[in-house]
Amino acid sequence: MRLEPASEEAAAEAVRRLAAERTPVRIEGGGTRQAVGRPIQTAATLSTRALAGITLYEPAEMVIAARTGTPLAELERVLAEKGQMLPFEPMDHRPLLDSTGEPTVGGMVAGNHSGPRRIKAGACRDALIGLRFVNGRGELLRAGGRVMKNVTGLDLVKLLCGSWGTLALLTEATFKVLPKPEAELTLLFEGLAEPEAVALLCAAMGTPFEPSGAAHLPVGIGAARARTLLRLEGFADSIRYRADRLAAHLREHGPAQRTEGAESAALWRSVRDVLPLVEPGERAVWRLSLPPKRGAEAVAAIRTARACEVLYDWSGGLVWLATAEDEDAGRAAIRAVCERLGGHATLVRGSIDLRARIEPFHPTAERVRRLETGIEDAFDPFGLFNPGLLRAGR
Amino acid sequence: MSGIALPAPDPRILARKAAIVAELRRLVADPAAVIDDPVELAPYETDAFTAYRRLPLAVVLPSTTAEVSAVLAFCAREGVPVVPRGAGTSLSGGAIPQEDAVVVGVARMNRVLAIDPADRTARVEAGITNLAITEAVAEHGFFYAPDPSSQLACTLAGNIAMNSGGAHCLKYGVTTNNLLGVTLVLVDGSVVELGGAALDSPGYDLLGLVCGSEGQLGIVTEAVVRILPEPEGARPVLLAFPSSEAAGACVADIIGAGIVPVAIEFMDNPAIRICEAFAKAGYPTEAAAMLIVEVEGSDAEIDAELARIVAIARRHGVTTIKESRSATETAQIWKGRKSAFGATGRIADYICMDGTIPTSRLPEVLRRMDEIVRDYGLRVANVFHAGDGNLHPLILYDVNDPDQAARAEACGADILKLCVEVGGCLTGEHGVGIEKRDLMRHQFTEAELLQQMAVRRVFDPAARLNPAKVFPLDLGIAA
Chain A
1 MRLEPASEEA AAEAVRRLAA ERTPVRIEGG GTRQAVGRPI QTAATLSTRA
51 LAGITLYEPA EMVIAARTGT PLAELERVLA EKGQMLPFEP MDHRPLLDST
101 GEPTVGGMVA GNHSGPRRIK AGACRDALIG LRFVNGRGEL LRAGGRVMKN
151 VTGLDLVKLL CGSWGTLALL TEATFKVLPK PEAELTLLFE GLAEPEAVAL
201 LCAAMGTPFE PSGAAHLPVG IGAARARTLL RLEGFADSIR YRADRLAAHL
251 REHGPAQRTE GAESAALWRS VRDVLPLVEP GERAVWRLSL PPKRGAEAVA
301 AIRTARACEV LYDWSGGLVW LATAEDEDAG RAAIRAVCER LGGHATLVRG
351 SIDLRARIEP FHPTAERVRR LETGIEDAFD PFGLFNPGLL RAGR
Chain B
395 MSGIALPAPD PRILARKAAI VAELRRLVAD PAAVIDDPVE LAPYETDAFT
445 AYRRLPLAVV LPSTTAEVSA VLAFCAREGV PVVPRGAGTS LSGGAIPQED
495 AVVVGVARMN RVLAIDPADR TARVEAGITN LAITEAVAEH GFFYAPDPSS
545 QLACTLAGNI AMNSGGAHCL KYGVTTNNLL GVTLVLVDGS VVELGGAALD
595 SPGYDLLGLV CGSEGQLGIV TEAVVRILPE PEGARPVLLA FPSSEAAGAC
645 VADIIGAGIV PVAIEFMDNP AIRICEAFAK AGYPTEAAAM LIVEVEGSDA
695 EIDAELARIV AIARRHGVTT IKESRSATET AQIWKGRKSA FGATGRIADY
745 ICMDGTIPTS RLPEVLRRMD EIVRDYGLRV ANVFHAGDGN LHPLILYDVN
795 DPDQAARAEA CGADILKLCV EVGGCLTGEH GVGIEKRDLM RHQFTEAELL
845 QQMAVRRVFD PAARLNPAKV FPLDLGIAA
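Protein chains in written order, with the numbering used here: chain A, 1 to 394; chain B, 395 to 873.
To be clear, the hints were calculated from the coordinates, so they are not data collected in a lab. Each hint should be verified, as a subset may be incorrect.
Derived DSS-like pairs: lysine-lysine, alpha-carbon spacing no greater than 27 angstroms straight-line [as the list claims (entries may be wrong)]:
#, chain 1, residue 1, chain 2, residue 2
1, B, Lys729, B, Lys716
2, A, Lys82, A, Lys180
3, B, Lys565, A, Lys82
4, A, Lys180, A, Lys120
5, B, Lys729, B, Lys565
6, B, Lys411, B, Lys565
7, B, Lys716, A, Lys120
8, B, Lys674, B, Lys729
9, A, Lys180, B, Lys565
Okay, chain B solo, but in the shape it has when bound:
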């Protein structure tokens, strides 16, 4: 694919590569923390948005905040762009480098610094993986709530950059609702502390601003996150329906009845078939649509709440009801859903969209999306967080067929425009990155984009941090 324009590298920076690398090696304790060999740089040429790839000038993997600070101060003096990187799992190209940029990866900074059950907080280095936080606090009976599908690999730093969500954020919120403080290295190398273990902090909510800023305001090296006590129990029920409309109406009625499950996941027939073939989860492959609804509490509380949910589902013509009876069954039900992206990847290449819509528009959007995809001669599988309207249509195509690839990209753009048209947004949890950069004008006016860019400029006047992302290039940097 080549639809997304990327700026040409600055030849003056490329010409100074050897000197820049030498200085970077001087700034970090471990010489192996600086990578400049093209073969070793290859893993850093892209992220999970693999259609675009470029080798960076160099990669630095600092071990401390002080090293990050020294590297950023040096790059600022030299006018070298910096691309922050966690685990490189971004689906929107948020971590894709450019040839004249130094990638600063925080993956080596992965220690747990303190766990405080009384304050319900954990202080960690930001390169820790999402799941490792939960693993570290589990012995105290706690967990870290945001659970993106990539949680085994993705870093907290990346979660903060993208304000990541996950299946269980209907009840627990997304990263920004579970983040209490960060240590942030600014583009000039200065270090600021925002927030901490208290529930709020003085001054403007810079923590809220930094979360989801896609690595353009600074590099987060440490964070204080909210940890929550594990529920007594949790159990999903699988509900199958003869139509997507019936499933959508069931979701609306569950919420309308005053029930807020921890998760309500939706899959359409193609997604059900793909996941069942991969995970053997016992999904009803003939169903037009399927919901996984999970509730928490004691056994009696779960029974009572699931009974309420099943009664509602019956009013909407539910065809299969499968309540989990054991931890194994629960894992089985979730395995299908959580492996949706991987399972799809086995049968075709795909682009995963991430638009969010008002849930009341769901039947209409599903119908129109189907039409759009058919018009492009492609196929789509739908898995998404139904409770909050965050869609994940997977557009299937063949990456080796340039025509199909171009159609898939155009098709995705049309779907996102549809999301905005019905009152939603371009991205619910994956971020804008480069993928949706050129669609930003469909959601925001130029004045709105310039207002956001003016705030960004306060942190990074020359726009050297994660450049050429989020904001359309023709708006310039100073705007």
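Bound-form chain A, shown alone:
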């Protein structure tokens, strides 16, 4: 059964019917991230495709709202017309997952997908100020609103962002946005070993020069020599000044080359979408979230157990790791290292067999999981939405 409600009311009505029949449902946006998480099979699929359109845009207030089925490209185009953008630079998973379709606003919110600029401007969850959603009883509800500051009641917006469609069907999302920077410039250091590169990135993030990207591509990842990247964005005069100061501050790490404009933008798109790790396509790809200064240390420890290729973003706090898809694709070793260093690991790309065999999402502590189960019951008492996507038994 495939449902494609064209209005929020129709969506709520559809969920009420599913609830009455206790029919679990897969929620689908543009379908570009269907291969993330545990494989699930449901009798019904609900597509947000027809729940589309910008519902509010006030450039002078830096606020935009859209139905969740709206293609992300459309939202970004409308913002660009007024010289604005989503602050968090959402990742496009299509290259990595070899998927087709159009990423939607809802899919982006459901996964809290955030790119390189997150290190400066925060994640999707930080820019998301309001949601409309249908809970598992088929009630159409609101959380947050359209104003920048709002502490009225429990912040269900945060809870729903990044819940991968397991708590509610999201129907509309409201974001605070930022002016698009006038210019960008990337400082590029070559030939650094991974620990030194991460140290450089962390030192740069501790300066007042506000890098909006801090990444490292080790030897052989997209180029023969290792590249350490720092991005500056803003008014042209300002970024040139900051680039000079930053390069001087970091001169012990060697001279910095400068890349501007489209060339710089292409570099960061490649980091954002993990392009250097896409091929060979049969490898498993993990996403490690760590205290930034631990990035290189974590990778070194994992390499003692298995071969892998990596790419560092977020000053070392985000490590993309590609490795052979044998046995558990390194799950035990990777998760043990991450937990020891205060992080966690998500399997973002893996075969359907692997994703059924291991938990793609990092398990939470027992007492926390009890809270999570309770929250699932509070939103979705009949277990309708994406059952089993995050973990077995739900």
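Once you've looked at the hints, dock chain B against the given chain A.
What follows is chain B alone, placed relative to chain A:
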């Protein structure tokens, strides 16, 4: 004032006071950490929402997470309500106790545990004051960004409970955007760690849920916060306008031009006069409205950005432009604004409202607010964060005049309803507490409130943590 209903204490708990206090003393290392003498309890009878006050059963000031855990486990077993408390600076009554409740204050837990410049984090005990975090990390060239006006006194625990903001959150965000992890003691005494030094954590965003939950999901005893490198420099410009509309339009154009200052503060004429009389900040007392716009960066960056801002202000008929030329002048300009509440308190009693509105509705809201206040025969002074639409109308009244007090309360409610009507919300940074509890139905439907309460119930099934707040009482606890 007596407009807000508070539940009657449970006589069975009151009757067991001596036994409860004795057990609490057994659970903490320092016997002086338990207060039960009525005279010593007096400072805990209210917070900065002083119109309502009640003595708690007892106060406990634990020194460790383990003590908080033991106290909560005991209270859960005994069915005793618990009211968490930081420094008691809540403007919404978030820390006001009830007679049958044990107040658990975290103010003794105020140590800095670790500062990590490489990860740009600080791990602290949650009873530390907001400003003390910045003081502790300053030697590394860092600061903690959220800066509520009460930052000298208020605790991080309270900031987390209320998701506090401040003047500089236009650029840096509010508490939730600067919080990476917490140690949370649940109502049954169990301890969970949410988040940490990594940028995100597995599972649902429980950290985001806990921040701003007004002490109803658990007691935060430790936290990891984001610290940021201090800017090279920061400088405000003071801009005066012949009308509030002109000032409001100037704000919209600054943002429309792609400039995001760290702060844009608005004051109307009554607020300008009150603050000038107190702080001698050199404010233009004849101006209808005034903006303080602050930008950061190098001297050249600041000059360039202020030039852009001043050019925009000129298009809106700015009458006074005062750029700070020194650190002293900068402090002077901010002193007036930051002392707005205190300065107002010298001339009258006031209730401080905290509604947020879409900034495009500002001229309309200011006009209608003025009408509302006049209809009640009262006066208002407006200071607020203009960049994000967070209003702080101060309704002036005489606390000793019950009629005026009742009018002030009703007037405040009408203003908040206006904020919701134009697309805003009841509270931008102070929290709901008891103050706005009964107005929640104006912002949320019953189904929406029940959804929030169902989530709260997961953490606290009997609603014993900070009871009778945030959610209208007639919705019950189990709902």
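Checklist entry - Within 27 angstroms, alpha carbon to alpha carbon, are lysine 674 of chain B and lysine 729 of chain B? => result 9 angstroms, holds
Next on the checklist: Hinted pair, alpha-carbon criterion (27 angstroms max): lysine 716 of chain B, lysine 120 of chain A. Please report holds or violated.
Outcome noted: 31 angstroms, violated
Checklist entry - Are the Cα positions of lysine 729 of chain B and lysine 716 of chain B separated by 27 angstroms at most? => result With a Cα-Cα distance of about 15 angstroms, the restraint between lysine 729 of chain B and lysine 716 of chain B holds, given a limit of 27 angstroms.
Item to check | Restraint status (C-alpha distance of lysine 411 of chain B to lysine 565 of chain B at most 27 angstroms) | outcome: Roughly 48 angstroms between the alpha carbons, so the hint for lysine 411 of chain B and lysine 565 of chain B is violated.
Checklist entry - Holds or violated: lysine 565 of chain B with lysine 82 of chain A, Cα cutoff 27 angstroms? => result 20 angstroms, holds
Checklist entry - Within a Cα-Cα threshold of 27 angstroms, do lysine 180 of chain A and lysine 120 of chain A meet the stated pairing? => result Holds, because 14 angstroms separates the two Cα atoms, which is no more than 27 angstroms.
Checklist entry - Taking only the CA atoms, is the gap from lysine 82 of chain A to lysine 180 of chain A under or equal to 27 angstroms? => result 9 angstroms, holds
Item to check | Given pair status - lysine 565 of chain B, lysine 729 of chain B, alpha carbons within 27 angstroms | outcome: Between lysine 729 of chain B and lysine 565 of chain B the Cα gap is close to 20 angstroms, so the pair holds against 27 angstroms.
Checklist entry - Is the straight-line distance between the alpha-carbon of lysine 180 of chain A and that of lysine 565 of chain B 27 angstroms or less? => result Status holds; Cα separation ~15 angstroms.
Figure legend: structure checked against the earlier numbered hints; hints not met, in rising order: 6, 7.
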